[in-house]
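Here the sequence shown stands for residues 8 to 136, where the numbers follow this note's numbering.
Everything labelled a hint here was simulated from the structure, so no lab data went into it.
Some clues are possibly wrong.
Taking CB as the label site, the calculated pair distances span [stated by the list, open to error]:
| no. | residue 1 | residue 2 | range |
| --- | --- | --- | --- |
| 1 | 19 | 70 | 18 to 28 angstroms |
| 2 | 26 | 133 | 16 to 26 angstroms |
| 3 | 85 | 43 | 38 to 48 angstroms |
| 4 | 85 | 111 | 22 to 32 angstroms |
In this text, a Cβ means the ideal position worked out from N, Cα and C, and glycines have one as well.
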Amino acid sequence: MNYAFAADVVLLTHFAIVLFVVVGLLLIVVGNLRAWPWVNRWWFRVLHLLAISVVVLESWLGIECPLTTLENWLRLQAGQGVYQGSFIQHWVHGVMFYQAPGWVFALVYTLFGLLVAVAWWRWPPQQFK
8 MNYAFAADVV
18 LLTHFAIVLF
28 VVVGLLLIVV
38 GNLRAWPWVN
48 RWWFRVLHLL
58 AISVVVLESW
68 LGIECPLTTL
78 ENWLRLQAGQ
88 GVYQGSFIQH
98 WVHGVMFYQA
108 PGWVFALVYT
118 LFGLLVAVAW
128 WRWPPQQFK
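Assemble the whole structure, with the sequences as input and the hints as a guide.
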């Protein structure tokens with residue numbers, strides 16, 4: 008098994024989930040303002056709410072994301088280095104050269120989760136069929 012390749016797949020999966028959470032909220036807001044019916048589909052909204060809920064819960068409980076744990080384990084098996092901190096902390100630092108304590112990220116996740124809840128209240132999903 009190619010552990011480095013598997014670690015890269017986990018990394019890309021993790022990145023796709025982050026994009027889904029962030030861009031998903033943007034699509035929900037813009038889509039409702041522009042009357043796009045698909046942004047209120049039950050499955051889309053429930054998956055979106057579930058995804059941010061898991062992130063917020065992990066941050067409150069101080070649990071490392073299982074995808075980060077898996078990626079780090081695969082990188083160790085491949086003889087590669089692993090990063091310190093969470094997936095987001097690592098990549099935000101790498102992209103923006105900004106470092107913050109874990110509580111800052113927990114606060115940001117929580118505030119973002121509240122925005123998702125407000126969007127859920129403001130534009131409820133369609134009834135499950």
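So, going through the hints one by one against the coordinates:
Checked against the hint of 18 to 28 angstroms, the pair residue 19 and residue 70 passes, with Cβ atoms roughly 22 angstroms apart. Against the hinted window of 16 to 26 angstroms, the Cβ-Cβ separation of residue 26 and residue 133 comes to about 23 angstroms, which satisfies the hint. Residue 85 and residue 43 have their C-beta atoms about 42 angstroms apart, which keeps the hinted 38 to 48 angstroms range intact. In this structure the hint that residue 85 and residue 111 lie 22 to 32 angstroms apart at CB holds, the actual value being about 31 angstroms.
Hint compliance for this structure: every hint is met.
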